[in-house]
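Visitor: Sequence:
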Amino acid sequence: MIRTLILSAAASALMLTAGAPAAARGDRDQDNLREAAAQGQVIPLGRLIADVKSRPPYNDMTYLGGPQFDARRMIYALKFMDGSQVVVVYVDARTGRIVGRKP
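FYI, the numbering for the sequence shown is 1 to 103, going by UniProt numbering.
There's no promise every hint is true.
[As the list claims (entries may be wrong)] The calculated lysine to any residue pairs, modelled on SDA-like cross-linking and capped at a C-alpha distance of 25 Å, are: (1) K79 to L64; (2) K79 to Q41; (3) K102 to G46; (4) K53 to L33; (5) K102 to V86; (6) K53 to D70; (7) K53 to R94; (8) K79 to R55; (9) K79 to V99; (10) K102 to G83; (11) K53 to Y90; (12) K102 to P56; (13) K53 to R101; (14) K79 to D27; (15) K79 to D92; (16) K79 to I98; (17) K102 to M81; (18) K102 to D92; (19) K102 to N59; (20) K102 to P57; (21) K53 to G66; (22) K102 to S54; (23) K53 to A77; (24) K102 to I49; (25) K79 to G66; (26) K53 to R28; (27) K53 to A38; (28) K53 to F69; (29) K79 to D29; (30) K79 to D51; (31) K102 to L64; (32) K79 to R101; (33) K53 to T95; (34) K53 to R34.
Don't read these hints as lab results, they were simulated from the structure.
Start from the sequences, fold in the hints, and give me the full structure.
Guide: Given below as structure tokens:
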């Protein structure tokens, strides 16, 4: 019984620490992104979203929120709803240019 508890506690501790580097990296990415926006190196997210929402065909779609950011490529993935289909628009954070779309 005690051995099972010890093994269970060790496994739980291992799982908790395994996620820490990813969380720290995510925080670091956000900090870097904020600093880059403050220095004018990237376009603020709110402005990027508003710009994409103002362009056809996205102006007829509903923005779903929950943007994803790829810090290595400096690309945002913005999700829109087009009828019953989710459309992901990839936007360069530095230029605001749409660089891809799925589907």
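Visitor: Next step is simple, just say for each hint if it's right about the structure.
Guide: Against the structure, the hints:
Of the pairs offered as hints, the one joining K79 and L64 holds, with about 5 Å between alpha carbons and a cut-off of 25 Å not exceeded. This hinted pair checks out: K79 and Q41 have alpha carbons roughly 23 Å apart, not beyond 25 Å. With a C-alpha separation of about 21 Å, the suggested pair K102 and G46 falls inside the 25 Å cut-off, and the hint holds. A C-alpha spacing of about 22 Å is found between K53 and L33, which places the hinted pair at or below 25 Å, so the restraint holds.
As the CA atoms of K102 and V86 are separated by approximately 8 Å, the hinted pair is consistent with the 25 Å bound. Using a Cα cut-off of 25 Å, the hinted pair K53 and D70 holds, with the two alpha carbons roughly 20 Å apart. For the hint linking K53 to R94, the alpha-carbon distance of about 17 Å falls within 25 Å, and the restraint holds. Between K79 and R55, the direct Cα distance comes to roughly 14 Å. Compliance with the 25 Å bound is thereby established for this hinted pair.
Between K79 and V99, the direct Cα distance comes to roughly 14 Å. Compliance with the 25 Å bound is thereby established for this hinted pair. A distance of roughly 15 Å separates the Cα atoms of K102 and G83; the hinted pair therefore holds under the 25 Å criterion. This hinted pair checks out: K53 and Y90 have alpha carbons roughly 13 Å apart, not beyond 25 Å. For the hint pairing K102 with P56, the CA-to-CA distance comes to about 16 Å; that is within 25 Å, so the pair holds.
This hinted pair checks out: K53 and R101 have alpha carbons roughly 14 Å apart, not beyond 25 Å. In summary, the hint linking K79 to D27 is supported, as the alpha carbons are separated by about 22 Å, within the 25 Å threshold. As the CA atoms of K79 and D92 are separated by approximately 14 Å, the hinted pair is consistent with the 25 Å bound. Of the supplied pair hints, the one linking K79 and I98 holds, its CA atoms being roughly 13 Å apart against a limit of 25 Å.
Proposed proximity of K102 and M81 is supported: the alpha carbons are some 12 Å apart, at most 25 Å. Restraint check: the Cα-Cα separation between K102 and D92 comes to about 15 Å, which is no more than 25 Å; the hinted pair holds. Under the criterion of a C-alpha separation no larger than 25 Å, the hint pairing K102 with N59 is consistent with the structure, at around 17 Å. Of the pairs offered as hints, the one joining K102 and P57 holds, with about 14 Å between alpha carbons and a cut-off of 25 Å not exceeded.
Restraint check for K53 and G66: the C-alpha separation of about 15 Å stays at or below 25 Å, so the hint holds. Taking the CA atoms of K102 and S54, the gap is about 19 Å. The hint holds against a cut of 25 Å. Pair hint K53 plus A77 holds up; C-alpha atoms about 13 Å apart against a cutoff of 25 Å. Straight-line distance between C-alpha atoms of K102 and I49 comes to about 17 Å, which keeps the hinted pair within the 25 Å bound.
With a CA separation close to 8 Å, the supplied pair K79 and G66 stays within the 25 Å bound. A threshold of 25 Å between alpha carbons decides the hint, and for K53 with R28 the separation of about 28 Å lies outside it, so the pair is violated. Distance hint between K53 and A38 is fulfilled; the C-alpha atoms sit about 23 Å from each other, no more than 25 Å. Using a Cα cut-off of 25 Å, the hinted pair K53 and F69 holds, with the two alpha carbons roughly 18 Å apart.
Between K79 and D29 the alpha-carbon distance is near 20 Å, which keeps this suggested pair within the 25 Å criterion. Proposed proximity of K79 and D51 is supported: the alpha carbons are some 14 Å apart, at most 25 Å. Between the alpha carbons of K102 and L64 the distance comes to roughly 15 Å, so the proposed pair stays at or under 25 Å and holds. In summary, the hint linking K79 to R101 is supported, as the alpha carbons are separated by about 10 Å, within the 25 Å threshold.
Between K53 and T95 the CA atoms are separated by roughly 16 Å; this keeps the pair inside 25 Å, and the hint holds. Proposed proximity of K53 and R34 is supported: the alpha carbons are some 22 Å apart, at most 25 Å.
Hint 26 alone, counting from the list given before, is not met by this structure.
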